[in-house]
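Student: Let chain A serve as the given structure and place chain B on it in line with the hints.
There are 2 protein chains.
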Amino acid sequence: MFDPVEKLKEFVRFPSVSTDSKYRDGMRGAQEFVTGLLRSLGFAVEVVKTDLHPIILAQRDGPATWPHVIIYGHYDVQPPDPLGLWKTPPFEPTERDGRLWGRGTADNKGPLMAHISAVGRLLEKAPSLPLRITFLIEGEEETGSPSFLPFLQRYQHRLDGDFVFLSDTGIPREDQMVITCGLRGLTLCEVEVTGARMDLHSGLHGGVLRNPIQALSELCASLHTPDGRVNIPGFYDCVLEVEPWEREELRKLGTSEAEYREFLGIPAFHAPPGFTPFEAVRFLPTLEFNGIRGGYQGEGSKTVIPSQASVKISCRLVPDQTPRKIRPLLYAAIRERLPKDVSYRIIDQHDATPYIVVPPGRSNTPKDQPARLAQAFRAIDAAAGEVFGRPPLYLREGGSVPIIADIKRVLGLDSVLLGLFLPEDNLHAPNESFNLQVMQKGSTVSERMLSALAGR
Amino acid sequence: MFDPVEKLKEFVRFPSVSTDSKYRDGMRGAQEFVTGLLRSLGFAVEVVKTDLHPIILAQRDGPATWPHVIIYGHYDVQPPDPLGLWKTPPFEPTERDGRLWGRGTADNKGPLMAHISAVGRLLEKAPSLPLRITFLIEGEEETGSPSFLPFLQRYQHRLDGDFVFLSDTGIPREDQMVITCGLRGLTLCEVEVTGARMDLHSGLHGGVLRNPIQALSELCASLHTPDGRVNIPGFYDCVLEVEPWEREELRKLGTSEAEYREFLGIPAFHAPPGFTPFEAVRFLPTLEFNGIRGGYQGEGSKTVIPSQASVKISCRLVPDQTPRKIRPLLYAAIRERLPKDVSYRIIDQHDATPYIVVPPGRSNTPKDQPARLAQAFRAIDAAAGEVFGRPPLYLREGGSVPIIADIKRVLGLDSVLLGLFLPEDNLHAPNESFNLQVMQKGSTVSERMLSALAGR
Numbered sequence: 319m320f321d322p323v324e325k326l327k328e329f330v331r332f333p334s335v336s337t338d339s340k341y342r343d344g345m346r347g348a349q350e351f352v353t354g355l356l357r358s359l360g361f362a363v364e365v366v367k368t369d370l371h372p373i374i375l376a377q378r379d380g381p382a383t384w385p386h387v388i389i390y391g392h393y394d395v396q397p398p399d400p401l402g403l404w405k406t407p408p409f410e411p412t413e414r415d416g417r418l419w420g421r422g423t424a425d426n427k428g429p430l431m432a433h434i435s436a437v438g439r440l441l442e443k444a445p446s447l448p449l450r451i452t453f454l455i456e457g458e459e460e461t462g463s464p465s466f467l468p469f470l471q472r473y474q475h476r477l478d479g480d481f482v483f484l485s486d487t488g489i490p491r492e493d494q495m496v497i498t499c500g501l502r503g504l505t506l507c508e509v510e511v512t513g514a515r516m517d518l519h520s521g522l523h524g525g526v527l528r529n530p531i532q533a534l535s536e537l538c539a540s541l542h543t544p545d546g547r548v549n550i551p552g553f554y555d556c557v558l559e560v561e562p563w564e565r566e567e568l569r570k571l572g573t574s575e576a577e578y579r580e581f582l583g584i585p586a587f588h589a590p591p592g593f594t595p596f597e598a599v600r601f602l603p604t605l606e607f608n609g610i611r612g613g614y615q616g617e618g619s620k621t622v623i624p625s626q627a628s629v630k631i632s633c634r635l636v637p638d639q640t641p642r643k644i645r646p647l648l649y650a651a652i653r654e655r656l657p658k659d660v661s662y663r664i665i666d667q668h669d670a671t672p673y674i675v676v677p678p679g680r681s682n683t684p685k686d687q688p689a690r691l692a693q694a695f696r697a698i699d700a701a702a703g704e705v706f707g708r709p710p711l712y713l714r715e716g717g718s719v720p721i722i723a724d725i726k727r728v729l730g731l732d733s734v735l736l737g738l739f740l741p742e743d744n745l746h747a748p749n750e751s752f753n754l755q756v757m758q759k760g761s762t763v764s765e766r767m768l769s770a771l772a773g774r
Numbered sequence: 319m320f321d322p323v324e325k326l327k328e329f330v331r332f333p334s335v336s337t338d339s340k341y342r343d344g345m346r347g348a349q350e351f352v353t354g355l356l357r358s359l360g361f362a363v364e365v366v367k368t369d370l371h372p373i374i375l376a377q378r379d380g381p382a383t384w385p386h387v388i389i390y391g392h393y394d395v396q397p398p399d400p401l402g403l404w405k406t407p408p409f410e411p412t413e414r415d416g417r418l419w420g421r422g423t424a425d426n427k428g429p430l431m432a433h434i435s436a437v438g439r440l441l442e443k444a445p446s447l448p449l450r451i452t453f454l455i456e457g458e459e460e461t462g463s464p465s466f467l468p469f470l471q472r473y474q475h476r477l478d479g480d481f482v483f484l485s486d487t488g489i490p491r492e493d494q495m496v497i498t499c500g501l502r503g504l505t506l507c508e509v510e511v512t513g514a515r516m517d518l519h520s521g522l523h524g525g526v527l528r529n530p531i532q533a534l535s536e537l538c539a540s541l542h543t544p545d546g547r548v549n550i551p552g553f554y555d556c557v558l559e560v561e562p563w564e565r566e567e568l569r570k571l572g573t574s575e576a577e578y579r580e581f582l583g584i585p586a587f588h589a590p591p592g593f594t595p596f597e598a599v600r601f602l603p604t605l606e607f608n609g610i611r612g613g614y615q616g617e618g619s620k621t622v623i624p625s626q627a628s629v630k631i632s633c634r635l636v637p638d639q640t641p642r643k644i645r646p647l648l649y650a651a652i653r654e655r656l657p658k659d660v661s662y663r664i665i666d667q668h669d670a671t672p673y674i675v676v677p678p679g680r681s682n683t684p685k686d687q688p689a690r691l692a693q694a695f696r697a698i699d700a701a702a703g704e705v706f707g708r709p710p711l712y713l714r715e716g717g718s719v720p721i722i723a724d725i726k727r728v729l730g731l732d733s734v735l736l737g738l739f740l741p742e743d744n745l746h747a748p749n750e751s752f753n754l755q756v757m758q759k760g761s762t763v764s765e766r767m768l769s770a771l772a773g774r
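Protein chains in written order, with our numbering: chain A, 319 to 774; chain B, 319 to 774.
Calculated from the structure, these hints are not laboratory results.
One thing to keep in mind: the hints can contain errors.
Any copy, or any two copies together, can satisfy a pair, since identical chains are not distinguished.
What the hints assert, rightly or not - Below, a list of computed lysine to aspartate or glutamate pairs in the EDC-like style, where the Cα atoms sit at most 16 Å apart:
{"no.": "1", "residue 1": "K405", "residue 2": "E567"}
{"no.": "2", "residue 1": "K340", "residue 2": "E617"}
{"no.": "3", "residue 1": "K340", "residue 2": "D399"}
{"no.": "4", "residue 1": "K327", "residue 2": "E350"}
{"no.": "5", "residue 1": "K643", "residue 2": "D666"}
{"no.": "6", "residue 1": "K658", "residue 2": "D545"}
{"no.": "7", "residue 1": "K726", "residue 2": "D638"}
{"no.": "8", "residue 1": "K325", "residue 2": "E364"}
{"no.": "9", "residue 1": "K443", "residue 2": "E561"}
{"no.": "10", "residue 1": "K658", "residue 2": "E510"}
{"no.": "11", "residue 1": "K726", "residue 2": "D480"}
{"no.": "12", "residue 1": "K325", "residue 2": "E350"}
{"no.": "13", "residue 1": "K658", "residue 2": "D699"}
{"no.": "14", "residue 1": "K325", "residue 2": "E413"}
{"no.": "15", "residue 1": "K405", "residue 2": "E742"}
{"no.": "16", "residue 1": "K325", "residue 2": "E410"}
{"no.": "17", "residue 1": "K443", "residue 2": "E575"}
Bear in mind that the values here come from a model prediction, so they are computed numbers and not experimental data.
Isolated chain A, as found in the complex:
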């Protein structure tokens, strides 16, 4: 068997940034690396072409009576900017303090490697294991998985699994496993406001027209109420009531608000009334500004009235909100609130539907929950309890894994989400890293669950 940490380093060295075309070579390198690794484990691998970056479909087939688990992961990573803040280069993986540092170590190359190595060990010990396994590893997760839904529709006949298994969610501490039971969705857009047709001298023309930065600021300022809620009519209409067991489970997390506040480095939280910060991030939708720009960006000053300003907006959604319901509400607010003396353009970006699955034995567990899904939950519960030294928690998560809801809709399959990254892993930010002990523990839990599913 290969050394998972050394293999992970190889994997991280490919700068596989899917949102930026200048990283095309890194994307191809990462894809070929995964393809080769799965072939070496005996998988039949198909590299499925898409408009952008191919999807890797690797299968270990068997009789239809065998359980069939579909393991999902992605080989693409977030852009590394701002580069200047990295302590070691993002694509030169560095092992230090029991962690591996580099872009993509935690999101999602490390967790994916935990599952690949679990499968590797399992098949080495039991080459004839009665278990069908499909790896589904895409390269467009960080751009919103535009090719994944058409892929699912086209390859539906080969994806007759019992459930999907993946690690693209988090845990609060290295001794506390979390099974994620819900994910927030997402709807994104960019708003570009134009005032005069060119940048203007602020002395010669200042005072006669509305500055597009002012128009954009007025729009942005209107989108929240002072207490931190999103100020768009109808925005909260479909938000699911939180079950008492969910709040109870969350309380067991044991992170204090003071610790969390200190981690973020903020003087005070700003969560909507009636929700702790831990609840707000999981049970409530948001509207965030991911980037704003306009006018002079250099050093010193330039007394200009910019022609344009733009803002990138994203809403995290919770069940039963959907992008289809929320996007029109957001756009209507933008259209109504931008002043009429500027022009504007709304640029659509990607979407994700929120998702919820309820583990066995809860007040709101569906009566028709499939037996193998329930079996997987129970096997994970036992394995995680042993490996991590305490029972896992069942929590909804603030992040989004856009394809989970698509899988549910197209294939009818729920997902078992084994959390593996830690708050200090700095996902989507400079100095991303992954805890190698957590990787090893996660890999063991994965191996035991798959083994149990195969009846061992």
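Tutor: Same frame as chain A, but now just chain B:
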């Protein structure tokens, strides 16, 4: 005599951007070019060192009984960004359609060349002209002239002029001269807001803290009233009442609001109530946003909650406002209005005091107006009337020439401001150009005024 247009091309080729240290060579080249040119006209030139870019002091001395005119100009230019929007490269001057295109052609290299060539012709015709002339040409105008005030204080004894003469202001059409009788001042700052201590994943943490873009937007949105006035208590307290002759003179401008609106390319003006756009830009102060930035700036999306966001703010001031009165009001508004759950830093940038001078024979002309200043105004009036075919207009201007108020305060001298650039010259913007016929007419007016002052 040299060809002014060819000399101007040489001058424009030096990329003399004073705000950005990467243009250091261009600054030195432009300074040496001007120094050489004035020496060739017989001037005694001193290059006065400053902390940043030297000031050129070039003198033609004579008996103390001779009139003494101080001609001001600057050899530095605005940054050329955004570079992609230039039709021809900013520092490769191109003659086309009777215009010279390039950064600095209109602000201020072309107008300065008009005066240097006027002096050149005058001295060629009358080498013993009884007129003292001092050229004062700085290299820090576009960064707020930080060295100019200390220079004035140190060189006061050599600057015993009758008045200052310069062209760093505009005219509405090529057949209408304007003598600028007032300038707006300026106070600038940058506000940098910090939320969490690093960029955060908007899924994992969205909904618990205030986004710095939101905090900054709320601040920016608070700084104007819906009718377009600046929303800072006390901001308008010292604004001078407009004299009826000023409004009357402005009405003679003859530009229609429709033409102006079309030139700007906006659907509607947004000037405070009670003022036409032409009045607002001259008689009222402003608060403008010159640049805003925060978070992800690249293509596509990045679902991040940025750690920081910042905005560059400038206020244009009118008599009798001063930066000393207005800056504390602005800062107090920023401090009071930014929410307490973010931290912030206000970075001081430069200042300029507004200025007003009243030409002879008006309702508010000071009784003690110096005779040679009045003589200069009358000589310009006559020369401009002949050369441009109609009497000049006497107007306050929306722009700032920060050193004019400093000269008034330190040397006690008023300034005669001969407008030379046109609205379509695109100052401070891409595709700056200068009308070469206006340059020639301005040079003739300059020559006649200087000649009259010398008693010819």
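Student: A separate judgement is required for each hint: does it hold in the structure or not?
Tutor: Now for the hints, and whether the structure bears them out:
{"no.": "1", "hint": "K405 - E567", "verdict": "neither (37 Å within a copy, 63 Å between copies)"}
{"no.": "2", "hint": "K340 - E617", "verdict": "between (27 Å within a copy, 11 Å between copies)"}
{"no.": "3", "hint": "K340 - D399", "verdict": "within (14 Å within a copy, 23 Å between copies)"}
{"no.": "4", "hint": "K327 - E350", "verdict": "within (15 Å within a copy, 56 Å between copies)"}
{"no.": "5", "hint": "K643 - D666", "verdict": "within (15 Å within a copy, 46 Å between copies)"}
{"no.": "6", "hint": "K658 - D545", "verdict": "between (28 Å within a copy, 13 Å between copies)"}
{"no.": "7", "hint": "K726 - D638", "verdict": "within (14 Å within a copy, 69 Å between copies)"}
{"no.": "8", "hint": "K325 - E364", "verdict": "neither (21 Å within a copy, 69 Å between copies)"}
{"no.": "9", "hint": "K443 - E561", "verdict": "neither (42 Å within a copy, 96 Å between copies)"}
{"no.": "10", "hint": "K658 - E510", "verdict": "within (14 Å within a copy, 29 Å between copies)"}
{"no.": "11", "hint": "K726 - D480", "verdict": "within (11 Å within a copy, 85 Å between copies)"}
{"no.": "12", "hint": "K325 - E350", "verdict": "within (13 Å within a copy, 61 Å between copies)"}
{"no.": "13", "hint": "K658 - D699", "verdict": "neither (57 Å within a copy, 43 Å between copies)"}
{"no.": "14", "hint": "K325 - E413", "verdict": "within (13 Å within a copy, 62 Å between copies)"}
{"no.": "15", "hint": "K405 - E742", "verdict": "within (15 Å within a copy, 49 Å between copies)"}
{"no.": "16", "hint": "K325 - E410", "verdict": "within (13 Å within a copy, 54 Å between copies)"}
{"no.": "17", "hint": "K443 - E575", "verdict": "neither (45 Å within a copy, 84 Å between copies)"}
In summary, the structure is inconsistent with hints 1, 8, 9, 13, 17 from the numbered list given earlier, while agreeing with the others.
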